[in-house]
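First to last, the protein sequences are chains A and B. Going left to right, the first sequence walks through residues 1 to 76 as this note's numbering numbers them. Going left to right, the second sequence walks through residues 1 to 315 as this note's numbering numbers them.
Hint data in this document are derived by calculation from the structure and do not stem from the laboratory. Keep in mind that the hints are not guaranteed to be accurate.
A partial selection of chain A residues facing chain B, derived with a Cβ cut-off under 10 Å [to be verified]: (1) Lys12; (2) Cys13; (3) Tyr17; (4) Ser27; (5) Gly28; (6) Ala31; (7) Val33; (8) Val59; (9) Ala66.
Even for Gly, the Cβ is constructed at its ideal location relative to N, Cα and C.
Here is how the chains run, residue by residue.
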Amino acid sequence: MKIEVLGTGCAKCKNLYENTKKALEESGKSAEVIKVEDIPSIMKHGVISTPALVIDGQVKFSGKVASVAEIMGLLS
Amino acid sequence: MLKQFADWLAFSTIGLIPGSRAGEALDFFIYDTIKIFLLLITIIFVVAIIRTSFPPERTKRMLSHKREYVGNALAALLGIVTPFCSCSAVPLFIGFVESGVPLGVTFSFLISSPMVNEVALIMLWGLFGWKIALIYVGTGLLVAIVAGIIIGKLKMERYVQDYVWEMRVGNAEIVQQTFREKIGYARQYTIGLLKKIWPYVVVGVGLGAFIHGYVPADFLARWAGRDNFFAVPVAVALGVPLYSNAAGVIPIVHALMEKGMAIGTVLAFMMAVTALSLPEAIILSNVLKKPLLATFFGIVATAIVIVGYLFNAIL
Numbered sequence: 001m002k003i004e005v006l007g008t009g010c011a012k013c014k015n016l017y018e019n020t021k022k023a024l025e026e027s028g029k030s031a032e033v034i035k036v037e038d039i040p041s042i043m044k045h046g047v048i049s050t051p052a053l054v055i056d057g058q059v060k061f062s063g064k065v066a067s068v069a070e071i072m073g074l075l076s
Numbered sequence: 001m002l003k004q005f006a007d008w009l010a011f012s013t014i015g016l017i018p019g020s021r022a023g024e025a026l027d028f029f030i031y032d033t034i035k036i037f038l039l040l041i042t043i044i045f046v047v048a049i050i051r052t053s054f055p056p057e058r059t060k061r062m063l064s065h066k067r068e069y070v071g072n073a074l075a076a077l078l079g080i081v082t083p084f085c086s087c088s089a090v091p092l093f094i095g096f097v098e099s100g101v102p103l104g105v106t107f108s109f110l111i112s113s114p115m116v117n118e119v120a121l122i123m124l125w126g127l128f129g130w131k132i133a134l135i136y137v138g139t140g141l142l143v144a145i146v147a148g149i150i151i152g153k154l155k156m157e158r159y160v161q162d163y164v165w166e167m168r169v170g171n172a173e174i175v176q177q178t179f180r181e182k183i184g185y186a187r188q189y190t191i192g193l194l195k196k197i198w199p200y201v202v203v204g205v206g207l208g209a210f211i212h213g214y215v216p217a218d219f220l221a222r223w224a225g226r227d228n229f230f231a232v233p234v235a236v237a238l239g240v241p242l243y244s245n246a247a248g249v250i251p252i253v254h255a256l257m258e259k260g261m262a263i264g265t266v267l268a269f270m271m272a273v274t275a276l277s278l279p280e281a282i283i284l285s286n287v288l289k290k291p292l293l294a295t296f297f298g299i300v301a302t303a304i305v306i307v308g309y310l311f312n313a314i315l
């Protein structure tokens, strides 16, 4: 499972990244989590409102910071 | 009813004297703080739910290839309901432009989004009444539409950074949310926003209360009243580089108005603070070359100054 957190480096994006790592820990799964900060890569996913979460190439949501619980729901 | 509670707390319970500076200041503070927070909680929540139906990706599709005028009006209206964080300004701008949203239409969106928002509306409605709130929305939209049309007509596409035109934007499917998910998002958004702005509200109302209680009436009338020709441009010039969310600036502006600042000047200052800012200029300089950025700020600032004079004359 490959997880990408898309965001240009503001506080919200950092929060999503932290929540994602926590969610992974608590769910006991292992996956690589990459923070994608460069605009061309972000836009390739069709995302125009950051932060966004991409799992295995699919955009799960954009424009909000999801809670740890919500992310865990997406991981299963 | 709320006023009675505030009066009771400030005068009967804490024991300050009505009419005294401290008494009036505290009374104002208690009343306004509670009223504003109640309004904020309700309306932010309702608007957040409305916003779940307007993710930027959908707005982008609605505006893509729209003609001028209609497109500008639609963009300005959508700016109110589309959630937009300035950290997302760059991807959003690129996304819009690359999907065929005309440049002027994109600008109408960028102007109305930060300026016409529900926090500003609630605060204005709560402190000045619904007429002023409505006027603010109406003129805010007008400024967004007209400025967007003018920028479109100037055909400044070549002043957008070159890489923007070469960007390839994928097409994300718009994730549909169930009603329960929408409520969850709205709750989370409301709590998050309140957490972020409550210090500004408290400080803003506090300062407003101080001015209300301690600054003599009509103190500002001489400098910032209707007759001072320069008040409007100065207010706008001060407001442009500043950034504050509406929560912080309105209570102060309310108290200033009580002391004689003319309403047009007040509205102009508010618009200047929210629509344009130094941080925003820095973010946008990533996608706009200096001439276009300067034109954008110049046109919007001018439009706001005109609005200021207009309302000083009418109201």
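Worksheet item: Of the hints given before, which are not true for this structure?
Response: As far as the earlier hints go, 3, 4, 5, 6, 7 are violated by this structure, in ascending order.
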